[in-house]
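Q: Hints in hand, dock the two standalone chains.
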Amino acid sequence: MREVIQRLHTYAGMLTFVNLVVFGLVGLAASLSPRPHEPIAIVRKVPYDASPNLTDRQVAEQVCSLLNLSLATPIQSAVIQHDAANHLVLDFWHANGRHKITVLEAEHTLRIEVMRNSFWSYLGTLHATTAAFHSGDWRMQLWADYDEFAMWCLIAMLISGVALWLLAETRQRWAPWSLALGSGIFGALCWWIR
Amino acid sequence: MYKKVRDVHLHTALLCLPFLLMFAVSGLQMAHRRWFPAHTQLTFTTVQLPSGLPGAREAARLLALPGELSAIAISGGITSFRIARPGTTYQVEYNSSTGMAMVQATNSGFTGTLNRLHQLQGTWHNFTLLNIWSGVLGFVSFGILLVGLTGLYMGFRNRKDRWTGLVLLFAGSGLALILIAWMRS
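Which chain is which? The protein sequence lines are W and A, in order. Add 3 to a position in the first sequence, counting from 1, and you land on the number used in the working numbering. Add 2 to a position in the second sequence, counting from 1, and you land on the number used in the working numbering.
Just chain A, with the same shape it has in the complex (with noise of 0.2 Å):
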């Protein structure tokens, strides 16, 4: 039994090895900003598409950006709304009498993406990659608490160190429980 819940805390933790890397330096990044400056790109261009273009559904189809379309609002005769994905995000105004798209691209580098991806949710986005990307973290958060399970029984089933684990185990879960519990009012 040991041998195979050691195997299952290995294997677990190694398939998922490169997300929780993500996540640990992703959650530093979010800790300790000022450990990590941000490096954001901006960049302009003009594009032109058809004018009258019925929405901006249509016009971002035509402009092909990869991302999911959000923020959609029109005043004026000009349509303007946001493509984004983690690290990028392109924010257009499309002006539908002349047909001139401007696209101003911003992109937040490396721990921009990894911040955006640690805090991605939910399998509803209208971008396919975001649900896909949500999903693997979900395996991933699953394979958090299996690591764990299976290296608690590992720690009770080691002699040597079961005592002085479990006194850590309860004074560690003790004060995170009762916190968690009393400033839920």
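With the rest of the complex left out, here is chain W (with noise of 0.2 Å):
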């Protein structure tokens, strides 16, 4: 019984060590990470000749293709604005951080304002985005699936895991304590914050 815990204790953490890695970072840099602050956005135009007769929806559609925004499909409601002189504004938000695009249909050009995320920003999108998420880049939708995979090799590690020492033949003499004062730190923490 405790080897069959063991090999699949351990196999599920061989299968998702990458993402256990990613969550380890991703905490790490979040504990780390300096007040947030308005990102700098690149500002660049690109030619453009949105048909007459094309929806707003059609425009985004044919936008983000065009600029290749895969990770900011499907188009939802809310990504398709105007500004105060009526212009089509598509702000795309995605993994990799933010495209807002006014779209200047009198100088046939797309206004493109990208605000890009940092490495860690981009993990920490990457480690909350699970099965729930449904994406029209396949890529997304299978890293999706994987980290919801992951997350729940985690709950089995976690339950296996405490499976194993409480099956041991052997006991370690201190690791009760180990468990007593990570709980104590907890239950303190939890008490105070109230």
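Errors might be hidden in some of the hints.
To be verified - Straight-line C-alpha distance at most 25 Å; calculated DMTMM-like pairs for lysine to aspartate or glutamate: (1) A:Lys5 x W:Glu6; (2) A:Lys162 x W:Glu172; (3) W:Lys103 x W:Asp86.
Stated by the list, open to error - Counterexamples of contact, computed for chain W against chain A with all Cβ distances above 10 Å: (4) Asn56; (5) Asp59; (6) Val62; (7) Leu91; (8) Glu151; (9) Ser181; (10) Ser186.
Hint data in this document are derived by calculation from the structure and do not stem from the laboratory. Note that the Cβ used here is the ideal one computed from N, Cα and C, for glycine as well.
A: And the structure:
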């Protein structure tokens, strides 16, 4: 019985090792993160001619395809906006940051403000992307499904890890004290924050 | 060497276990919100403070509500601000001419508290408890890495499952790393 649990515990860890490292790195980066600040946008313009009969959504899909923003799909309704001058504004948020695009029809141009996430923010987005998320990009959907699997593997490893400790032939004398210390710190912090 | 690595793996995991369970439960809650329906409780109170207080900080100090002060706005003699801690948010509107403070407290319950703790970032908050929580979670995150690396070592040292473990490691890691690199445009 113990051998089976140990095997499953080991295999779950091996299979999802990178995801666990991502979870750890994201937590560490979050703890060390500086105060949030307004990201600096890099602005560029690209030529674009919108067909006159297209709806805003059709333009959004065309622009998304033109700029290879597959990670921002499927396009949500909230993406499609208008500014004070009634220009179509497309505000795409995705794992790599944000593309805010103003369609300047008269100038036959797209004004693109790119706000790129740091690598740590990117990993943070990935760690939070699970199977409940439905992406239009197959790579992100595959990642989401695998990340969901990794989350369940982590839960299984927590349970199986405790089981392995309790079923151990020789008991570690100080192990209960580690659990007690961790539980004590957790309990104290929870009581303090209530 | 194996015994020492195993001891590090065991003690680190047990020390971090309550926090890891918190991460697991809150992660599950965020990934599957329908499984954990929100139980938000709203309460409204009015508190009489001295009139003419110079700003939100003074009003917040007198209200003595635990949490981080933020979202300060002044409009037409009304100072509004928010005091928040994981699980509880106070939205306050202070009328400087009458001294009346209207406090709306939102309590998001146990799952809401875990949700906020999971998403804590940085140690720059003006509420010390948040900085302590964030620091501790940083150590726990380091603990996750340590448990993973020691587990990897122990997996390799286990002759029976070594080759199966290696195949699973390369398959899983390969897939994950390729996707991470490919999507990072």
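Q: Does each hint fit the structure? Answer for all of them.
A: Hints, verified against the model:
For the hint linking Lys5 (chain A) to Glu6 (chain W), the alpha-carbon distance of about 18 Å falls within 25 Å, and the restraint holds. Our distance criterion of 25 Å between C-alpha atoms is met by Lys162 (chain A) and Glu172 (chain W), whose separation comes to about 19 Å. Between the alpha carbons of Lys103 (chain W) and Asp86 (chain W) the distance comes to roughly 12 Å, so the proposed pair stays at or under 25 Å and holds. The beta carbon of Asn56 (chain W) is kept farther than 10 Å from every beta carbon of chain A, the shortest such distance being approximately 31 Å.
Remark: the non-interface label on Asp59 (chain W) is consistent with the geometry, its nearest Cβ contact in chain A lying 25 Å away (cut-off 10 Å). Residue-level check passed: Val62 (chain W) sits 22 Å from the nearest beta carbon of chain A, beyond 10 Å. No beta-carbon of chain A comes within 10 Å of the beta-carbon of Leu91 (chain W); the shortest separation is about 24 Å. For Glu151 (chain W), the condition that its CB be more than 10 Å from all CB atoms of chain A is violated, with the nearest at approximately 7 Å.
Against chain A, the non-interface label of Ser181 (chain W) is violated: not every CB pair exceeds 10 Å, the least being about 4 Å. Remark: the non-interface label on Ser186 (chain W) conflicts with the geometry, its nearest Cβ contact in chain A lying 5 Å away (cut-off 10 Å).
In summary, the structure is inconsistent with hints 8, 9, 10 from the numbered list given earlier, while agreeing with the others.
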